[in-house]
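Asker: What follows is each chain in one-letter form.
Protein chains: 2
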Amino acid sequence: METKEKPNEITRRQFLTTVGKVGGSAALFSVMGTLGLLSPEAAKAADFTPPGNSDLTVTNRNGKKVIILGAGIGGMTAAYELGKAGYDVTILEARDRAGGRNWSIRRGTTSTEIGASKQVARFDDGMYLNAGPMRIPQFHVTMEYCREFGVEIEPFNNVNDSAYYYNENAGTLSGKKIPKRAAKADMRGYVSEMLAKAIDQKALDLPITPEDKIKLVNYLKVEGDLDEDLFYRGSERGGYKDEPGSRLDAGVLRDPFDMKAIIGSGFGNFFSSEYSYDQQMMMFHPVGGMDMIAKAFEKRVGHKIKYHAEVTEIRQSSTGVRIVFNDLDKNTAKEVSGDYCICTIPLSVLKSIPADFSPDMAKAISSVGYASAGKIGLQFKRRFWEEDEQIYGGNTLTNMDITSIYYPPTKYFSKKGLLLGYYAFGSNADKLGKMSYQEREKLALMQGAKIHPQYYEEFQASFSIDWKKIKYNLGGWVAYSSDDRKTYYPTLCKPDGRIYLAGEHISYITAWQAGAIESARSVVTDIHQRVMKE
Amino acid sequence: METKEKPNEITRRQFLTTVGKVGGSAALFSVMGTLGLLSPEAAKAADFTPPGNSDLTVTNRNGKKVIILGAGIGGMTAAYELGKAGYDVTILEARDRAGGRNWSIRRGTTSTEIGASKQVARFDDGMYLNAGPMRIPQFHVTMEYCREFGVEIEPFNNVNDSAYYYNENAGTLSGKKIPKRAAKADMRGYVSEMLAKAIDQKALDLPITPEDKIKLVNYLKVEGDLDEDLFYRGSERGGYKDEPGSRLDAGVLRDPFDMKAIIGSGFGNFFSSEYSYDQQMMMFHPVGGMDMIAKAFEKRVGHKIKYHAEVTEIRQSSTGVRIVFNDLDKNTAKEVSGDYCICTIPLSVLKSIPADFSPDMAKAISSVGYASAGKIGLQFKRRFWEEDEQIYGGNTLTNMDITSIYYPPTKYFSKKGLLLGYYAFGSNADKLGKMSYQEREKLALMQGAKIHPQYYEEFQASFSIDWKKIKYNLGGWVAYSSDDRKTYYPTLCKPDGRIYLAGEHISYITAWQAGAIESARSVVTDIHQRVMKE
Numbered sequence: 001m002e003t004k005e006k007p008n009e010i011t012r013r014q015f016l017t018t019v020g021k022v023g024g025s026a027a028l029f030s031v032m033g034t035l036g037l038l039s040p041e042a043a044k045a046a047d048f049t050p051p052g053n054s055d056l057t058v059t060n061r062n063g064k065k066v067i068i069l070g071a072g073i074g075g076m077t078a079a080y081e082l083g084k085a086g087y088d089v090t091i092l093e094a095r096d097r098a099g100g101r102n103w104s105i106r107r108g109t110t111s112t113e114i115g116a117s118k119q120v121a122r123f124d125d126g127m128y129l130n131a132g133p134m135r136i137p138q139f140h141v142t143m144e145y146c147r148e149f150g151v152e153i154e155p156f157n158n159v160n161d162s163a164y165y166y167n168e169n170a171g172t173l174s175g176k177k178i179p180k181r182a183a184k185a186d187m188r189g190y191v192s193e194m195l196a197k198a199i200d201q202k203a204l205d206l207p208i209t210p211e212d213k214i215k216l217v218n219y220l221k222v223e224g225d226l227d228e229d230l231f232y233r234g235s236e237r238g239g240y241k242d243e244p245g246s247r248l249d250a251g252v253l254r255d256p257f258d259m260k261a262i263i264g265s266g267f268g269n270f271f272s273s274e275y276s277y278d279q280q281m282m283m284f285h286p287v288g289g290m291d292m293i294a295k296a297f298e299k300r301v302g303h304k305i306k307y308h309a310e311v312t313e314i315r316q317s318s319t320g321v322r323i324v325f326n327d328l329d330k331n332t333a334k335e336v337s338g339d340y341c342i343c344t345i346p347l348s349v350l351k352s353i354p355a356d357f358s359p360d361m362a363k364a365i366s367s368v369g370y371a372s373a374g375k376i377g378l379q380f381k382r383r384f385w386e387e388d389e390q391i392y393g394g395n396t397l398t399n400m401d402i403t404s405i406y407y408p409p410t411k412y413f414s415k416k417g418l419l420l421g422y423y424a425f426g427s428n429a430d431k432l433g434k435m436s437y438q439e440r441e442k443l444a445l446m447q448g449a450k451i452h453p454q455y456y457e458e459f460q461a462s463f464s465i466d467w468k469k470i471k472y473n474l475g476g477w478v479a480y481s482s483d484d485r486k487t488y489y490p491t492l493c494k495p496d497g498r499i500y501l502a503g504e505h506i507s508y509i510t511a512w513q514a515g516a517i518e519s520a521r522s523v524v525t526d527i528h529q530r531v532m533k534e
Numbered sequence: 001m002e003t004k005e006k007p008n009e010i011t012r013r014q015f016l017t018t019v020g021k022v023g024g025s026a027a028l029f030s031v032m033g034t035l036g037l038l039s040p041e042a043a044k045a046a047d048f049t050p051p052g053n054s055d056l057t058v059t060n061r062n063g064k065k066v067i068i069l070g071a072g073i074g075g076m077t078a079a080y081e082l083g084k085a086g087y088d089v090t091i092l093e094a095r096d097r098a099g100g101r102n103w104s105i106r107r108g109t110t111s112t113e114i115g116a117s118k119q120v121a122r123f124d125d126g127m128y129l130n131a132g133p134m135r136i137p138q139f140h141v142t143m144e145y146c147r148e149f150g151v152e153i154e155p156f157n158n159v160n161d162s163a164y165y166y167n168e169n170a171g172t173l174s175g176k177k178i179p180k181r182a183a184k185a186d187m188r189g190y191v192s193e194m195l196a197k198a199i200d201q202k203a204l205d206l207p208i209t210p211e212d213k214i215k216l217v218n219y220l221k222v223e224g225d226l227d228e229d230l231f232y233r234g235s236e237r238g239g240y241k242d243e244p245g246s247r248l249d250a251g252v253l254r255d256p257f258d259m260k261a262i263i264g265s266g267f268g269n270f271f272s273s274e275y276s277y278d279q280q281m282m283m284f285h286p287v288g289g290m291d292m293i294a295k296a297f298e299k300r301v302g303h304k305i306k307y308h309a310e311v312t313e314i315r316q317s318s319t320g321v322r323i324v325f326n327d328l329d330k331n332t333a334k335e336v337s338g339d340y341c342i343c344t345i346p347l348s349v350l351k352s353i354p355a356d357f358s359p360d361m362a363k364a365i366s367s368v369g370y371a372s373a374g375k376i377g378l379q380f381k382r383r384f385w386e387e388d389e390q391i392y393g394g395n396t397l398t399n400m401d402i403t404s405i406y407y408p409p410t411k412y413f414s415k416k417g418l419l420l421g422y423y424a425f426g427s428n429a430d431k432l433g434k435m436s437y438q439e440r441e442k443l444a445l446m447q448g449a450k451i452h453p454q455y456y457e458e459f460q461a462s463f464s465i466d467w468k469k470i471k472y473n474l475g476g477w478v479a480y481s482s483d484d485r486k487t488y489y490p491t492l493c494k495p496d497g498r499i500y501l502a503g504e505h506i507s508y509i510t511a512w513q514a515g516a517i518e519s520a521r522s523v524v525t526d527i528h529q530r531v532m533k534e
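Residue numbers (the numbering used here), protein chains in the order written: chain A, 1 to 534; chain B, 1 to 534.
I should point out that these hints are in silico values taken from the structure, not numbers from a laboratory. A couple of the hints might just be wrong.
Claimed, not checked - For lysine-lysine, the following BS3-like pairs were computed, each having C-alpha atoms within a straight-line distance of at most 30 Å:
| # | chain 1 | residue 1 | chain 2 | residue 2 |
| --- | --- | --- | --- | --- |
| 1 | A | LYS213 | B | LYS416 |
| 2 | B | LYS363 | A | LYS411 |
| 3 | A | LYS415 | B | LYS215 |
| 4 | A | LYS241 | B | LYS215 |
| 5 | A | LYS213 | B | LYS177 |
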């Protein structure tokens, strides 16, 4: 196809090509940023300049000591970035492992929820459950650290039209597992049909030209797979009753559902979960478990971490900070001093630690709520979702307590598999959280078996987590109301004397590792600028 | 949530659980099939019973000889399945490799298109271009062979909202690369807004209850991300001008496009490419190249393949078949005889081979057309789509000749990368096919650089294919008109004496490896039943 272009576009391209040829790709990238040709994500990533080693050497301000509380992703990011410039960094971590909520449950992993007994994971070797974060949007800064550290990634199958919707008390489709593609194709068809007919019959007073109306109707025909008369009568997009095959087997399309049935099912409210900015494909996760990221950070900053160091007091003066902690191995109080403190302890935990915060800061820390979130991993001795139902990764959504089932997006075709038997939030998570480990397993199996009758036959072992009952976390992630963002949040973002808060809770990317990383980078930049000015 | 269920559903589940406990998972699977609880894909797969070794032994009809023409996926499937029952099988293959259109171009691969010079792939080791099939829907039978053969698979990122739409001569959005998420979110928003308002204002005479109308409007609010007044005013689903970040950086939403601009852009007609049954996520491909499947078949039936055997005559009598071929190594005519022949040679090639077909069959073979299809692989020394633009796999669609750009869905974060610089069909493919290899490369770079200005700086090597000009293929895939399906296709599906056709062209899954496999299995079943009756 021959194309004409505006002169200024040709100029722009020619200009960029020239820049590339003369200055190489770094120059090209820089010029693209200047011209606004980079994605906002890339532009944001390019914003951060880690403190350089030469900065401190040149100004002879080496030796500044920063105490970091918590060896989660935020704390380790801060340590890693400060380390690049030669800061003296110590991380205090209450647990015997780094990573925080970045936690992959494997054979032998234990957890003792508050008020409950000890649970031991009896999964086979090689199986894992990502108890905390399990997916990464391709545009999050988390990906950049995976690249930098050589953490191998693979797609996280967040969208799978072969998985199901399954609702109860939901009209004529109650208690039926409906392939997502079927509900989506039908609803898209009916919506397109209704609008196309309304436009065609001039029932709508749209502020567009007759020519554009024709284009719009044509679009709706394609979008909804409508016939020439603008009727939706089913579509191959929704799948088949009998698959097309070889020779004379042309296949038989499924009959579409009544629109009333789909409206009544509530499935329509599930569709858009795939559209939200941070849930759109493509998404990724590290091969072998999300904790590959934690381990990669740990490899670089692990020598700076004091494990089994439970912070009991956070003190500061005009000249420095002093952190008292309980050495859990010896059960003795110890302390460490420094110039600054970066505190990544979740607010739900921090609010109970005696600290020299300003009254405003103390009030803000104690006023913000945390989200309930729970998961259960179910190991099955056969990947029946792949073998019997051709579902490779993705999730089934339901209005039962279990909320969702996630099929493992890894090790396809292998013998056994570990399903995420539920991933629940809010009141569903609260209900499941109150149960014993055994009761959670029983409920997950009972409700899951409604969708997959293979459950009981193939089940082997479970492990469940209620984040509100996990010591040192006491919640899934911060849950700011819009009021909280106005009243308390600005205080949390400001340094309080020599103490800086960081973590997913100090970001607008809450519940994501990227929030912890971005906040750590922001705090590191602040501290470094302050040091350089001193 | 407490749920009530119909008694018959409880009974069904209890029944299945009992079956599972008593008979194990095989029994459960079988009963599920009987009850219609399996997906149609699973039911179809379960339909095929390969000939068993015991069949022939018991009836003493061993030693039947089948000559298979073509060592593509269809031919090798037939050989593999017949081999299970001890048939004597010979495959004649004109090339020095198996796989047919299942062909991965690697360093040193050559091709000499008809009327053109020889092309040598100068890609780095480890890089590959899947010249033919490159993706597998999760429900295709192809997956079952991957499982059986231990071919490792990984997701093929067929949907990626971070990739672009880029159209020229398309109104105000001409010549701009628009992230897919932006165009999709805006159009979904406007469509939902228009319909929701029409329903709310009772402009439509819908045959649903007032209660359902409220549910429908509520659905549209969620689906389109509308505000309380049913207006679409932009959505985070479409992305940001400035990303949300840490501390006080709440991000700035992008401004939505005018509806008129999107309608004029033609992007709307791209959306549904992701919805068609065989393009929906999840899709997969073998790790290391699509030819891993061909190699897995070859490992099992390779000893039965005569390579460099170009079929020159296909003869049959009432008692057997006789195939004359040119031994290309010695340039001498040879022949091989058998009881039956399975011919998988594409009709575009077969029509020129002298053969003892019935007049009806000969007419049918010569009457059907083949699709144009072309691809170019472009090796770049830097994965700028990942590093600069955070695009990990997926495709960019355009109305330029190149039609699409596919980002490699494998080896993320590695240094270099091989883009599919175009994948074109129809008239676009014809135009590109007529060009020299050098002209194709030039055009792919010129048009691709409009979307990715990094192209010229980072480009290293190309390799292109026009399937119409590839000897022994002469086309991408069969292109039946609906008339062809009525007039010629039934003849092609019937055995012609002792000759059976197989291949993607003998299926309703044309252009897919699954079509070749299913047709081969169908033909194998027929021949076996005929042998058992003899």
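Asker: Against this structure, judge whether each hint is valid.
Answerer: Each hint, compared with the structure:
1. Between LYS213 (chain A) and LYS416 (chain B) the alpha-carbon distance is near 46 Å, which puts this suggested pair outside the 30 Å criterion.
2. Annotation: proposed proximity of LYS363 (chain B) to LYS411 (chain A) is violated, straight-line Cα distance about 48 Å (limit 30 Å).
3. Note on LYS415 (chain A) and LYS215 (chain B): the hinted pairing is violated, with a Cα-Cα distance of about 44 Å set against a maximum of 30 Å.
4. Taking the CA atoms of LYS241 (chain A) and LYS215 (chain B), the gap is about 29 Å. The hint holds against a cut of 30 Å.
5. Straight-line distance between C-alpha atoms of LYS213 (chain A) and LYS177 (chain B) comes to about 25 Å, which keeps the hinted pair within the 30 Å bound.
The structure fails to meet hints 1, 2 and 3 from the earlier list, while all remaining hints are met.
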